[in-house]
Amino acid sequence: MTQKKGSSSKQNEFTMIADKENAEEFSSSASEEKVSVASNWKLVWWRYRKNRLAVISLFLLFFVLTIIIFPDFYANQYSEKTNAREAYIPIQKIHFFKDGKVDLWAEKLVGKRNMKTLAMEWVSDPAQSVDVQFFGKGFQWKFLFWNTERHLLVPADASTRIFILGSDRMGRDQWSRLMYATKTSLTVGMVSVLISVLLGVLLGGISGYFGGTADMIIQRLIEILNSVPYVPIWMAMTAALPRNWSSEQRFFAITVILSLLGWTTLGREVRGKFLSIREEDYVLAAELIGCSKFRIIANHMVPTFLSHIIATGTLMIPQMIVNETSLSFLGLGLRPPAISYGVMLQEAQNVKTMAQAPWLMIPGLVVVIAVLMFNLAGDGLRDAADPYSK
Amino acid sequence: MTDQKPLLSVRDLQVYFHLDEGIVKSVDGVSFDAYKGQVLGIVGESGCGKSVTMKSILRIVEPPGRIMGGQVLLSKRDHPDEYLDLTAMNEKGKEIRAVRGGEIALIPQEPMAAFSPVHTIGNQIMEAIMLHCNVNKNEAREICVQSLKSVGMSMPEKRVDSYSWQLSGGLRQRAIIAMAIAGNPRLLVADEPTTAIDVTTQAQILRLLKDLQRQREMSILFITHDLGVIAQMAQYVVVMYLGRVMEKGPVDAIFHNPKHPYTQALLRSIPSAQKTTKTKLPTITGSIPHPFNKPKGCPFHPRCIDAIKGKCDVELPVEYIVGDQQFASCFRYEKNEVNNR
Amino acid sequence: MASYIAKRLLVIPLLLLVFSIVIFFLIQAPPGDFMTTYSAILAGSGSSMDNEQLNLMRIDYGLDKPMHIQYIRWMGKLLHGDMGLSLLYMLPNTKLIGDRIGLTVLLAFFSFILSWLIAIPAGIYSATHKNSIGDYFFTVINYIGVAIPNFFLALLLMWICYDLWGLNLVGLFSPKYEMAPWSWAKVGDLLSHIWLPSLILALGGSARLTRIMRANLLDELGKPYMITGRAKGMSEWALVMKYPVRLAINPLVSTIGNYIPQLFSGSLVVATVMNLQNIGPLLLQALSMQDMYLSGSILLVYCLLAIIGTILSDMLLVWVDPRIRME
Ligand SMILES: Nc1ncnc2c1ncn2[C@@H]1O[C@H](COP(=O)(O)OP(=O)(O)OP(=O)(O)O)[C@@H](O)[C@H]1O
Ligand SMILES: [Mg+2]
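Protein chains in written order, with the UniProt record's numbering: chain A, 1 to 390; chain B, 1 to 341; chain C, 1 to 327.
In case anyone wonders, no lab produced these hints; they're calculated from the structure. Being a predicted model, the structure only gives us computed values, none of them experimental. Beta carbons are placed, not taken as given, at the ideal position from N, Cα and C, and that holds for glycine. Treat the hints loosely; a few may be bogus.
Distance condition first, Cα-Cα at most 30 Å in a straight line; then the derived BS3-like pairs of lysine-lysine [unchecked claim]:
#, chain 1, residue 1, chain 2, residue 2
1, C, Lys223, B, Lys92
2, C, Lys223, C, Lys130
3, C, Lys130, B, Lys25
Going by beta-carbon spacing under 7 Å, a handful of chain B positions derived as facing chain C [as the list claims (entries may be wrong)]:
#, residue
4, Gly101
5, Ala113
6, Ala128
7, Leu131
Using the sequences plus the hints, can you model the full thing?
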């Protein structure tokens, strides 16, 4: 950038400025003109489009959004349906062809008790199969205002169960539980980021715009919060929650707890932006016209770094997801009957269980994938939002 | 001067940048000679390839840039008649590193950023000394102090241990010069050494350079876009445009008897103290083309008032002799003798 | 510079005061108190206590007093180095924590060193070989390193080792040394165990550091002083190592302040999964059993460690960057 600036000023010294018509003939092509009239958001999108991984992640995230909204559709059985006889069933493979023809079916697993170890061993029986179908009927759920029984993938015979991702200690279906866990964990992540962002913009904005004592206090607060090890404090906070609270109350409490410590980075950034923007001419111009402070902030200052805030926020979501997962895993976050990634992973707490039923670790993989998607999308967004920063 | 052999001879140098969007021919067939004890000026608009020329002489063109053709010849210190071909050397090899700083030293464009801010200037100058002279740390420090003294820095013993950001612009530039001359080079390449400093300091620095050049019988390759500075400093001038040499000649000939339409236009566009008429300053019509769509033929033809259709936009003119030591690459002088050196 | 350090050091007691109030409030918050849990524990183990006895003990511990009095008593004891008694273990908290604090710091220290040892070379390689296969490799590793929660990585590695080699990777000592007094052999045993949890802890941090290092270094590699250095005749390697790497590390030093508290946070979760004998699992236990003075003391220790880490990093920054040092 500095190079560009330097050369343009040198051109002026040379007094070789051409008259307008000629200049257009030589330098500006059609594409440049398109760029110069596009809105900021369009520019951001154009730059974002160039990053293929980020685009893929974004589409996947939109898909995941539908899971968050309609987990019942993707699930194929009640999340709490237990059956001691169907504990630790391995992954049941789904096949798309049978005898060279397109036919959807799942392997039938038959359990035999190993008489030496006394553990159940499940093997696929080639003679039998379970018919499955897309958009078949299962348990009833509510789609917006209507009751429906349709699900993404269910066994044709509603009385049998299939375990696409295996079952856990109590014979609950991991696939269906994972859908609800996705809903819970991602909601906690996104809502707590939303609250953090609001807090960060508000406090950072106050700090940067008004300065003085408010700035001093907020700066110290950020410093204190930054030197705190988050997990122990979160643990103490969640441990302090009343035990008789319902799942929903706990859910909200944890969301808020996570965001209470998470706003500082953004608060700092927003403050910095405010400090630099405050000096810019257009803000002064707005002040001179007589715009109110709030109007200046809302209409003139926030839009200039909104894309940046969204990018930072997107990058905070995966961190929050990991935090919630860790806390719940330790038993201090969400608790059963709530279902989250961390709650599911509690099933995999010791090595022997994992060795016996490795599919119990699938929720962990899902966390990794979710975090990756948010990170890739967020990175793409950040690069597109301010291409000149690192 | 003609009978003397040049110290540095750049011949038909071509440096291209291979970008995803295409090839930028930043330097495309540049030739000139620099003689001992002479100040050679290179002028041209921003982006015409001056810095790239300088970098290819030192072989520090960064990728995707590559030297595609031509030679850079440097006469040997002990045998002035024999030449080293710098373009044939390995870019990272010992040979070229001995030349850099030892034979040819650089005074870079931005004195502000030319030093690392977390190392003292003494540290950085001593490093240059220890690379080229076989001395230990204490001796290097001694030389460093001497060098700082010789560029007119007061309290050199103290300044050695200061950081670049503690110095004013003028002092910083002096420190840079001290670093450049510390290795006792024969040729100084100064890339717009005074653009970033104020006019008074600029004059001091220019005088300092000139003094040093006389005392040490160095040559200076002085790159600038400031015609005034060139007139003051140089004995011989090379005028560049879009990676090519338009005209070169002794300083008087270039300023008082320019032959190339580009040089003529350039000189017309300088405001002068004598002409106080209220007319608009003449400008060269058009603007510099984008490096990707360089015009075919003579690069200047789209803006040239005398361009010959079917000739200037098709063929590349060679250098024609237009005066004593003066050459212009323009078809106007097609009938003149060709400079075939 | 001396006054700067003094100023920073003076902040420590102030911060601790703030933290102690918050922490005291937190450990007070759950319904019931110490004694309720205590009687529950006793009931669990078969014996019991009548209400009279409990109330006597309450008075003994000052639990019948209003909150601020209790806080002042707690603080008063703390200032004399007394952290109270753990009901869970029936041992002084100072001893419980003292036994484990060394391992806590050691684990964090090891992972800190490891993360820098990985991140700096990786960042240098990535930046100097931009868009090479190696660069892409590190980029992929970094994305995964950031994405994988460290407790899950620990689980994964434990499972792999168990499945492939039948190794049970828990604890920081072999059973032989678990209870043994300290000796060189025990130290060796510790070192042979501590690298895995350290590596697990270090991975996320080193992924972030590598990214920052790469970006910083790429920035520095384009700076004009590189041209000066080359024109001096320096070899590329010496040049890169002396100037841009040094300059790229400076901003990295300023991230240490945030990194150290995170390391303690992370070590808590990993330690719980891998059953490492640091204060992490102790805190978890104390919190879930409402052993409030133990959890309060541990929380305070965590905060103290984090503050010390932050201040050390500030001083390091002052030391490495003359521009700050001379202000
Ligand atoms: N690293 C690079 N990558 C791509 N193109 C480059 C690079 N460096 C130089 N160029 C191209 O080479 C041309 C000449 O650049 P150069 O820096 O030599 O100009 P200059 O004459 O020194 O200008 P100035 O007066 O601004 O210093 C420019 O048009 C630029 O497009
Ligand atoms: Mg230049």
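Consistency of the hints with the structure:
1. C:Lys223 - B:Lys92: Answer holds: Lys223 of chain C to Lys92 of chain B is near 19 Å, not above 30 Å.
2. C:Lys223 - C:Lys130: Measuring from Cα to Cα gives roughly 16 Å; hence the hint holds.
3. C:Lys130 - B:Lys25: holds (24 Å)
4. Gly101: holds (4 Å)
5. Ala113: holds (4 Å)
6. Ala128: OK, holds: Ala128 of chain B within 7 Å of chain C, min 4 Å.
7. Leu131: holds (5 Å)
In summary, the structure agrees with every hint in the numbered list given earlier.
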